[in-house]
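Novice: Letter by letter, the chains look like this.
Number of protein chains: 2
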Amino acid sequence: MRYSNLFGKTKKEAPKDEVSINAKLLIRAGFIEKLAAGVYNFLPLGWRVHEKIGQIIREEMNVIGGQELNLAALHPKSVWEKSGRWDKFGALYKLKNQSGEDLALGATHEEVLTPIISHYISSYKDLPLYLYQIQVKFRDEPRAKSGILRCREFVMKDLYSFHATEEDRASYYERVRKTYEKIFKRFGLQAIYTKASGGSFSEFSHEFQVITDAGEDEIIYCPEGDFSENVDITKVKEGKECDMGHGPLKRAKVIEVGNIFPLGTRFSEAFGAYFTDEKGDKKPIVMGSYGIGLGRNMGTIVEVHHDDKGIIWPESVAPYEVHLVGLSEKADEVYKQLKDTGIDVLYDDRDVSAGEKFATADLIGIPYRLVVSQKTGNKIEVKKRDSEKTEDLEFDSLLGLLKEERED
Amino acid sequence: MRYSNLFGKTKKEAPKDEVSINAKLLIRAGFIEKLAAGVYNFLPLGWRVHEKIGQIIREEMNVIGGQELNLAALHPKSVWEKSGRWDKFGALYKLKNQSGEDLALGATHEEVLTPIISHYISSYKDLPLYLYQIQVKFRDEPRAKSGILRCREFVMKDLYSFHATEEDRASYYERVRKTYEKIFKRFGLQAIYTKASGGSFSEFSHEFQVITDAGEDEIIYCPEGDFSENVDITKVKEGKECDMGHGPLKRAKVIEVGNIFPLGTRFSEAFGAYFTDEKGDKKPIVMGSYGIGLGRNMGTIVEVHHDDKGIIWPESVAPYEVHLVGLSEKADEVYKQLKDTGIDVLYDDRDVSAGEKFATADLIGIPYRLVVSQKTGNKIEVKKRDSEKTEDLEFDSLLGLLKEERED
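Residue numbers (our numbering), protein chains in the order written: chain A, 1 to 408; chain B, 1 to 408.
Keep in mind the hints are simulated off the structure, nothing from the lab.
It is possible that some hints are incorrect.
Any copy will do: because identical chains look the same in the list, a pair fits if it lies in one copy or spans two.
For lysine to any residue, the following SDA-like pairs were computed, each having C-alpha atoms within a straight-line distance of at most 25 Å [to be verified]: (1) 9 to 265; (2) 282 to 352; (3) 11 to 272; (4) 137 to 102; (5) 96 to 358; (6) 88 to 250; (7) 77 to 339; (8) 137 to 86; (9) 235 to 246; (10) 34 to 270; (11) 339 to 56; (12) 195 to 87; (13) 185 to 36; (14) 125 to 5; (15) 94 to 107; (16) 88 to 55; (17) 137 to 78; (18) 24 to 182; (19) 9 to 281; (20) 379 to 107.
Pulled out of the complex, with its shape left as it was, chain A reads as follows:
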């Protein structure tokens, strides 16, 4: 993509009403644009990152047997009444249609999926079952000041699992835990598995927490990774010696990038989702739910991976693989060569100063910056976004380097 054609150029200033680092950088770099508090539009660069995040999640969901579907966002009041959450789910957007019927905007989908399950599942032979979607959610959040970390409209991957027994649910829960750890690692995030409140569903749930000053949650944790609890529920104090002998526990501000809930039989009983077991007994299906907010992860990546010049995207979710800065006519040719070999390249072909182009590249944060100028001759100057070191490479060596990076 030629930068001159790209919609969503960088801005000198972030809007004054944005306080979070993620929103300031993403808006300045042309990834997102604010429509209202907690509601953002994704411009082409931002949508590319969002889609890459979604694709990584999709791949990992498919590995653990997830079947992708897509549930509606307009929910009849009846299903939320049936679960008892019409009045209890505080962030539920409610509206009426022209016929005066009450509707809710989907804040989560237990209320929609469990009734479908009750139509299709009747025997233990139909279980276990893992269904997920990557779909828009609406939540009327009272606080919405953290850029895309906490939005009123956001895309979420929500996975629901259905089991014959609590043991089977617990075993899949562990499997999802490992998959989540893999997903966050692919995003370049170090997520801490944290015990948290189970809300009205169960005694506990678990959150995946990433340490950053932008966090709205706090945890008490052992830096060696064997203990972490949300301060909302923990009885343990900062400074207490870790039971495993790893020294004093720490306290940190964190962002919740994912969560997993044992739902028990609360929803299956409410919606009549029963199955017949091997002995012929009718039992409620045991459920679990597992969420990852795509935009929130994108925002967290920015909070964790940036410097004073801009964003530093991990390769896995970067909008393009390389940012080609053209300072001589030969750049056109290199751009064509890169495209022809299947490299995703953003090419700054504008007629502006080298300094402005470098600043743009640093702000956008694509992992590799390539420079083609009089000085580089037949070679290409390569610099990683997170390093000061530059190196002049032949085209073929550059390709080798990028290919290696892809395989990492």
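Following the hints, position chain B against chain A.
Specialist: Structure of chain B alone, referenced to chain A:
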């Protein structure tokens, strides 16, 4: 995918409240499930088709320079007031948030995109510009009885174009027309380019209409393809001789699978989206908009391509390439071989009768049915869904056939 694991098995009966062929077949075959009037959930089979439709559109949008983005669905009242459509757009869902602010659910996105354009575009050098999204829309349709042909919530591809001149807009409009014709052809639909009302934007717009009894619109058209007008606006009567000498014009019921609008400067003036031309004069940006409803196209494909046994998907959008009916143990091996060679296969591995498996295959409508049984020996019986002819092929010949089909 093993059919025994697939979520969304076929049903013997369609729900009694569904009158449309598309909803009856798609529900019976396990593609969709109704949540409320005009609101459907897409089960795994249905979502695969929906995604394929989206991917075909995406490919073609990218060819004509479209940049994909994603705009929010929660709109502040202010933008709809600014365009004058808060009260005029009858199907607009309206709601209030907890702070009492009025919101609309996005029924279309001129009101959201044009203000963004006004921030980013200032010079004729920034034009033309083509932006699209594949994103959920909400419309409080009074009539919602046609299955997924007319929904209250549906995914739409909406492309918006921005130009310096009306001539440039007209030339891109023709380009989109050709692209749309290509897209509908790829869906297996014969769409008739039809003159229609321009609504409040312009004198005329154009619709792409597919002839079927399920249609809610009617057109007067020449079967040779040189004339078609929506009966709502036409002054021409059925039976009139075609001006090109092709005989009498016909009247037919049709479904609108796409539409394109010349928007003029209505929105750019309302939202202050101006540019400076080569002479330094400030002018409003000339716009066009171009829509395709994904679910509606999926429903139309079913209305056009089915028989009394079920759906007959065109290869391009079928949920799987082949439907393997296993009637002997060897089927497991063939399934593995097919998967290993990258063929998308739905494998009916259930312990039910051959008759039931054949009926399931016919209802689901995957283009190729493969049978592995005692009778077929080392060969595989191949039958196209739309043909009665069967043929026993070696595995390699089958692969050759499927590869050929892909390249078509």
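Novice: All hints are to be evaluated individually against the structure, with a verdict given for each.
Specialist: For each hint, the structure was consulted:
no., hint, result
1, 9 to 265, "between (50 Å within a copy, 24 Å between copies)"
2, 282 to 352, "between (72 Å within a copy, 24 Å between copies)"
3, 11 to 272, "between (54 Å within a copy, 19 Å between copies)"
4, 137 to 102, "both (18 Å within a copy, 19 Å between copies)"
5, 96 to 358, "neither (51 Å within a copy, 45 Å between copies)"
6, 88 to 250, "neither (34 Å within a copy, 58 Å between copies)"
7, 77 to 339, "neither (51 Å within a copy, 43 Å between copies)"
8, 137 to 86, "both (16 Å within a copy, 24 Å between copies)"
9, 235 to 246, "within (19 Å within a copy, 85 Å between copies)"
10, 34 to 270, "between (39 Å within a copy, 19 Å between copies)"
11, 339 to 56, "both (23 Å within a copy, 21 Å between copies)"
12, 195 to 87, "neither (27 Å within a copy, 49 Å between copies)"
13, 185 to 36, "neither (31 Å within a copy, 40 Å between copies)"
14, 125 to 5, "between (55 Å within a copy, 10 Å between copies)"
15, 94 to 107, "both (11 Å within a copy, 17 Å between copies)"
16, 88 to 55, "neither (33 Å within a copy, 39 Å between copies)"
17, 137 to 78, "both (19 Å within a copy, 22 Å between copies)"
18, 24 to 182, "neither (28 Å within a copy, 41 Å between copies)"
19, 9 to 281, "between (63 Å within a copy, 23 Å between copies)"
20, 379 to 107, "neither (53 Å within a copy, 51 Å between copies)"
Violated hints for the displayed structure, listed by number in ascending order: 5, 6, 7, 12, 13, 16, 18, 20.
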